[in-house]
Amino acid sequence: MGRKIVITSGKGGVGKTTLTASLGIALAEAGKKTVLIDADIGLNNLDVVLSIENKVVYDILDVISGKCRLKQALIQDVDNPSLYVLPSAKLSDSPLLNAASFRNVADALALNFDFVIIDCPAGIDNGFHRAVSAADEAIVVTTPHISAVRDADKVLSLLSGYNLMSVGIVVNRVRGDMVSRGEMMSAGDIVRAVRCEPVGVVPEDDYITVYSSAGRVPFDTVSGRAFKILASNVINGTRNIFDCSARPRLSAKIRRFLGV
Amino acid sequence: MKKTAKIAAERLKNVILADKVAHPERLNDLLKSDITSLLEEYFELYPQSVKVRLQPSEYGLDILIDATAVRVKDFGNFGE
Chain A
1 MGRKIVITSG KGGVGKTTLT ASLGIALAEA GKKTVLIDAD IGLNNLDVVL SIENKVVYDI
61 LDVISGKCRL KQALIQDVDN PSLYVLPSAK LSDSPLLNAA SFRNVADALA LNFDFVIIDC
121 PAGIDNGFHR AVSAADEAIV VTTPHISAVR DADKVLSLLS GYNLMSVGIV VNRVRGDMVS
181 RGEMMSAGDI VRAVRCEPVG VVPEDDYITV YSSAGRVPFD TVSGRAFKIL ASNVINGTRN
241 IFDCSARPRL SAKIRRFLGV
Chain B
1 MKKTAKIAAE RLKNVILADK VAHPERLNDL LKSDITSLLE EYFELYPQSV KVRLQPSEYG
61 LDILIDATAV RVKDFGNFGE
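Protein chains in written order, with this note's numbering: chain A, 1 to 260; chain B, 1 to 80.
Derived from the structure by calculation, the hints contain no laboratory data. Note that the structure is a prediction, hence the values are computed from the model and not measured. Virtual Cβ for every residue (Gly too), placed ideally from N, Cα, C. It cannot be assumed that every hint is accurate.
What the hints assert, rightly or not - Coverage of chain A stretches by chain B, computed from C-beta distances (three or more under 8 Å per stretch; other residues unrestricted):
| hint | segment |
| --- | --- |
| 1 | 148 to 154 |
| 2 | 183 to 196 |
To be verified - Only pairs whose alpha carbons sit at most 30 Å apart, straight line, appear in this in silico DSBU-like list of lysine-lysine:
| hint | chain 1 | residue 1 | chain 2 | residue 2 |
| --- | --- | --- | --- | --- |
| 3 | B | 6 | A | 11 |
| 4 | B | 13 | B | 3 |
| 5 | A | 154 | B | 20 |
| 6 | A | 154 | B | 6 |
| 7 | A | 11 | B | 3 |
| 8 | A | 67 | A | 32 |
| 9 | B | 20 | B | 32 |
| 10 | A | 32 | A | 55 |
| 11 | B | 32 | B | 6 |
| 12 | A | 228 | A | 154 |
| 13 | B | 3 | A | 154 |
| 14 | B | 32 | A | 154 |
| 15 | A | 11 | B | 32 |
| 16 | B | 73 | A | 154 |
| 17 | A | 228 | A | 32 |
| 18 | B | 20 | B | 6 |
| 19 | B | 20 | B | 3 |
| 20 | A | 11 | B | 51 |
Claimed, not checked - Each pair of labels, with its calculated beta carbon distance range:
| hint | chain 1 | residue 1 | chain 2 | residue 2 | range |
| --- | --- | --- | --- | --- | --- |
| 21 | A | 92 | B | 46 | 56 to 64 Å |
| 22 | A | 98 | B | 47 | 48 to 56 Å |
| 23 | A | 99 | B | 68 | 45 to 53 Å |
| 24 | B | 7 | A | 72 | 49 to 57 Å |
| 25 | B | 42 | A | 188 | 39 to 47 Å |
With the sequences and hints as input, model every part of the structure.
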């Protein structure tokens, strides 16, 4: 039986979907058969991040309503044969889209995959409940901004009401240069404030924007290395943290000039 | 000048603390009622002496209970 992990945050725009995609790729690269469920009904973007939006024929609602078989709705990633995606539904008001049906789909996928990663919608309403109910573990994503951490803390409180085996936090978009200058909170500051175990730290990386424009997720970059460490922590239960402060951020122009 | 990261960390701590200690008005009344019932199992309480206060602390919330008992109930007679 595979592990079912929901990626959530509370606040939107902290990089949940990018992290879901990147973690999925890193797990697949590590040899783990992985499926990503886009649980952001009506506001789906996982397909765009992974550049599979033109391959979507069936979605999770089609599976739940019996319009297609689960296998038919899965889309295999071109670059990573061990990575699959179950696209989100475009309709958001179907009564079939409930916590029990989501859990059934996730359970069915867990029979054939090592990891089922669920991309939770922003907010803490029904979509959040559906996504979290289908998981056994949770990763809360935040950025080093007060508003994002505050929402992450609220989500951590809500998650304590679910029967989850583990809950960890990922601090995303950390600017090592700003942390070094004392201008941005460090991951340690955030972890201490929310009192949650850190599973990963991901640096701010201009390449994420560059790659996402081309419909790809960066893997051979500084953030890619952080995602690899995150995947290793998820697989092995280790807690190795990427050191963002070790690498001062260079502007894109300087990096192009230096050819790095 | 104080580093902005330190300012942010302090603000974050205060914001999170404020969120954690925020509670509905009725919570105090319910808590007081339940605690009074529990204490009355063991003590003869001085009328209206139970006070329950919630106040922020470094780790979240301190629950301060103050009560005055006239005497301990006679355990020897329990259930007889």
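Can you list which hints this structure breaks, lowest number first?
Hints 11, 15, 16 and 20 are the ones this structure does not satisfy, whereas the remaining hints hold.
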